[in-house]
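Go by the hints and put chain X onto chain L.
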Amino acid sequence: MIFDVSHQTTFAYAQSVSISHHLLHLSPRLYDHQVCSRHSLLIEPPPTIVKEATDYFGNPTTYLTIEEPHHELNIVARSTIEVKPPQYVAPERTPAWESIAGMLKRSTERELLDVYQFAFDSPFTQSGNGAAAYAEISFPPGRPVLEGAIDLMNRIHAEFKYEGGVTDVHTPIDTVLSERRGVCQDFAHLQISGLRSMGIPARYVSGYLQTVPPEGEERLVGADASHAWLSVWVPESGWVDLDPTNDVIPGEQHITVAWGRDYGDVSPVNGLVLGGGDHTVEVAVDVAEVAA
Amino acid sequence: MDGTMTSVPNDMTPDDPTDDPTDSPAGRLTAGYAHVAGIFDEMMDDGGAIRPHWQAFLDGLGTMSPAEIANGWENAERIIRENGTTYNVYLDSGDSAHPWRMDPIPALISADEWRHIEAGLIQRAKLLNAVVADLYGPQNLLTDGLLPPSLVFGNPNFLRALHGIGIPDNAWLNFIAVDLARAADNRWWVLSDRTQAPSGAGYTLENRVVMGRTLPQMFRDSQVQRLAGFFQALSDHLVAMTRSDDPVIVLMTPGPHNETYFEHAYLARYLGFPLVEGEDLTVRDNRVFLKTLNGLRQVDLIFRRVDSEFCDPLELRTDSLLGVAGLVAAARAGNVIVTNALGSGLVECDALMSFLPGLCENLFGEEQLLPSAATWWCGQDRERDYVLENLDHLVIRPTFSSRTILSDGKDVVVPAQLSPGERDRLVDRINRRGYDFIGQEILPLSTTPSWQDGALHPSPMALRAYICADGDGYRVLPGGLTRTADRIDAHAISMQQGDASKDTWVLWDEPVSTFSRLAAPDHVLALRRSGSNMPSRVADNLFWLGRYAERMENTARLMRSLVLRLAGEAGAGDDPQTLQRLMTILVDLGYVRQRAARRAVAAGIRAVEREVTNLIFDHRSTTGLLSLMGDLQRTAALVRDRLSGDAWRLLNNLHGVTERHATGQTLDVDDALALLNAMVEELAAFSGMQMENMTRSTGWRLLDIGRRIERAGHMAKLVRELAVEGEPETEGGLDLLLELGDSTMTYRTRYLSAAQLPATLDLLVTDETNPRSIAFQAAVLRDHIAALPRDAELASLTRQEHLVEAIASALKLADIYDLCAARTKRGKRARLDGFLNDIQDQCIELSDTLARTYFSHAMTVRSGGVSGGGVQ
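Residue numbers (the working numbering), protein chains in the order written: chain L, 1 to 292; chain X, 1001 to 1872.
Just chain L, same shape as in the assembly:
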């Protein structure tokens, strides 16, 4: 499927900002399942410096510095992206989850090292024993890894309430666990943390979800906003996406922008300004399907 995505972020400052620095993860990354035919970034006021780069995880990034005084900053990212259907992996035929930790620990191959780095705690996925204890239930001995991961996703979806405004990016996983509510980011972090505690590599995916609900079907949560889910690593098959917020294995409706260890690695707009006083932020995301 092909989509036109627009992602607009507007900062309004009470006082003049004399200098601002921002680091953006707004350009969708290209990989096997995704082709981006058009991408533009409109920034107002025009930045003094714009620098495109690729981060450690291979995501495209943009640095911008605005050195002239401004009261408002407007960033609009527009992309046309083709999402290809993912390969189906039969969960019951994936290897037992226990085999993964041992296999990765001894590996020295570059490719496996790249996978292995997602098996460790990262700043936003730290938890006491909570996430581990929660995840353990889905992984009885010998269970195929993807089966366990899907079960974990099912449980998070069933047992946690989607509720905006009660958590923020810094809410610890253990709080989400005890409150049993949160948003997509929290659910992704929780499942990532749980999988990693079992020695299974998992990464955080930042992106969008198609906005128009197919006729006759329930509208998916996550419309008109950026979205987050995760990927779990399955030997031989590679990375498989899971969306605990919507309890689905993402198909062509999930558009990937970037992936990393957690939210902190791929935050869409991270910035620092000098001056400014109080500020407000508005974000508007629009995902529209384009006739092929």
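Just so you know, the hints here were simulated from the structure itself, not pulled from any lab data.
Possibly wrong hints are sitting among the right ones.
[Unchecked claim] Across the chosen pairs, the derived CB separations fall in these ranges:
| # | chain 1 | residue 1 | chain 2 | residue 2 | range |
| --- | --- | --- | --- | --- | --- |
| 1 | L | Thr280 | X | Gly1334 | 34 to 44 Å |
| 2 | X | Gly1358 | L | Ile2 | 46 to 56 Å |
| 3 | L | Arg106 | X | Ala1184 | 46 to 56 Å |
| 4 | X | Gly1473 | L | Glu109 | 52 to 62 Å |
| 5 | X | Gly1473 | L | Pro95 | 47 to 57 Å |
[Claimed, not checked] If you want the ones that stay clear, here's a sample from chain L, every Cβ over 10 Å from chain X, calculated:
| # | residue |
| --- | --- |
| 6 | Gln34 |
| 7 | Ile43 |
| 8 | Ala119 |
| 9 | Gly130 |
| 10 | Asp174 |
Since we're looking at a predicted model, the values are computed, not measured.
Cβ coordinates follow ideal geometry from the N, Cα and C atoms, glycine included.
Relative to chain L, chain X alone:
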């Protein structure tokens, strides 16, 4: 050993014919030394004999009487107190600065032993540098299977943003520390490596300065390796790294709340680099600039004492308030050098130590010279099993702790001390997440003599050694920071728990270079390049230091005059009018609230006295002297790298003066006067030092501008208070005014008569020759402001120039007789009042204008952390 025996005086011959060891000077000192069996002692061998390299020192020390030694010890403590050497411990309340504890007996290391340590440390520094360079680059150590990947990927100090950054010449580590201890087998072992931003070198220098003065003769006679050459080499190396002839190098500190801020300031001063905080720096055009009084100056190298992850809120920890947004990008672009390179904390993980021998063999084909404390990393099956089988003989620590085993006992679990339940939980956690844990051998530390209760006692010790890059290689500081524990069983030594430190003497067998950067340890710090590198924040603080010092002096003088009027011969007694008058002054000058004053006057002299007493002694009084003292101390602490040692000592004395007087409920006149006189004297000394000892740099001007503005405003306020209404000539107002303006004597010698209003006002307001007059302040301010950096293109007067001209010319043109004569029907001298009111207002505006022009550094505010809309 090394020829230092010649220092033993002839009348104390060591080879006493009776051959009784306790009869020699050294023998008497060590007779009762309770050396612990099974533990290596630095001074005494198992048989009780003195080790050769201690002999001369002990003989020398033995010739000193216990009183002399005690004297030296007191001297050391006094120097530490006066220099304000502190180590901040984070506490929830109260004063967090604790004086540095130092022991007067140095730790001695012989030349041969040192050569061995030195070679081992240089090899280690090279190795650690090679490891960190590889892990942030090709990661061959991982693909070759030489290092387990989880030590890197699971390590919170592996900062992904820095991977592939490319450091010129792979010079990642330029200044590191290594903690060493000697085990019972006589060998030195490494306890931990500090590669992030090692602390303690400043304390090492300070200990040396103190020792040099405590036992000067012994220091001179002992052929001790000097420290200065090392720091010169470090400084030279940093300059060379910039490839610039005149680089701007800054020392970046997290700020005064950091536990080792003292030494940041100390090192900055010693090395001659400006001390900056994150907010002093800004990134423009991918380059780092220092915000100075003269505008932005590009920074070539940042010698950081801020942990890497806090250095850039844009790419590293986004919640950091200590960093500089865009620093990583600037470093990546090669526009600034940060050292140790960002990310260097990666290799200060203890679990790495067990892999170093293999890495050394593999990378250099060399055997590792200095062994590391036995460490088992539970990320490996065999090691984990060993740890679980030997739990009772080990300590368990988190693999990725930022602390060392010497830190403070936190992050150290002693399984032998756990309850069965706790123990089971620990075992379970080790089984689940082995890579998070290490087991370490409990190393019995060697002991070295410390001075306690007039005698030598063995104390467990560890040595922190320092290594800096020097050209292509590394160089070791000959000596280091020896830390000792009070308890003999201590196997972890902590600075935070208040254990002591001592100087470390490497006794050389060849002549030592006596080159010293500390030739004039108390030299008043001038700005290296005439203030052009002065951060705006420092300028701001110097300005306020001047204001607070003056404000405190004014307040002390006022209190002194009031106390004299309340008590003694000229005492107010119970005369309600006088009491009312005194309280009105306190209310009008903003010291006491109207309601409290009314209540006090109604209640009589005791209540009024209590109000005054509170202002003098009670630290809870927000307008009182002690609260001002706090403001002054805090501001001084913020610029202590800019203050001379003498100036700092004076401020510390001032603090001491106030500490000695407890809060009392009743006014003890003698006590109050003693305190106030002492305060006025210390403050006068501080201002005298400012006038006589500080170079006329921009910093000095700002300090003085602060003082002058405060003084001019205060004098205008006093005159309005005491001379505008009523008949000050007969009601005592003029006498008080002259007293507060420190001009009583001048008036008497000039006029030889009782005070008259016009003559008094001339002296205190318009007389440019009286250093207390407003006109004098205006003239000085005009000179200062003309000398401040200004935009050369600007044709017209700046606002601050305009204001100071306005004040000065108004004073010049003022007709005092006229101002005094004009009175309203009620007798108020309204024109005098208006005239002084204008001056007060202009002083306030001048202060604000200067702040806007020179000090403004808008707060950094975060706008980020936005992940999108509702579904985040």
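Okay, the hints, checked on the actual structure:
1. L:Thr280 to X:Gly1334: 34 to 44 Å: holds, 37 Å
2. X:Gly1358 to L:Ile2: 46 to 56 Å: holds, 53 Å
3. L:Arg106 to X:Ala1184: 46 to 56 Å: Hint violated: Cβ distance 37 Å, outside 46 to 56 Å.
4. X:Gly1473 to L:Glu109: 52 to 62 Å: violated, 36 Å
5. X:Gly1473 to L:Pro95: 47 to 57 Å: Given a distance of about 50 Å, which is inside 47 to 57 Å, the answer is holds.
6. Gln34: The assertion about Gln34 (chain L) holds, with a minimum of 19 Å to chain X.
7. Ile43: Nearest chain X Cβ is 14 Å from Ile43 (chain L), so the label holds.
8. Ala119: violated, 7 Å
9. Gly130: holds, 13 Å
10. Asp174: Non-interface label on Asp174 (chain L) holds, nearest chain X Cβ at 16 Å vs cutoff 10 Å.
Going through the hint list in order, the structure does not satisfy hints 3, 4 and 8.
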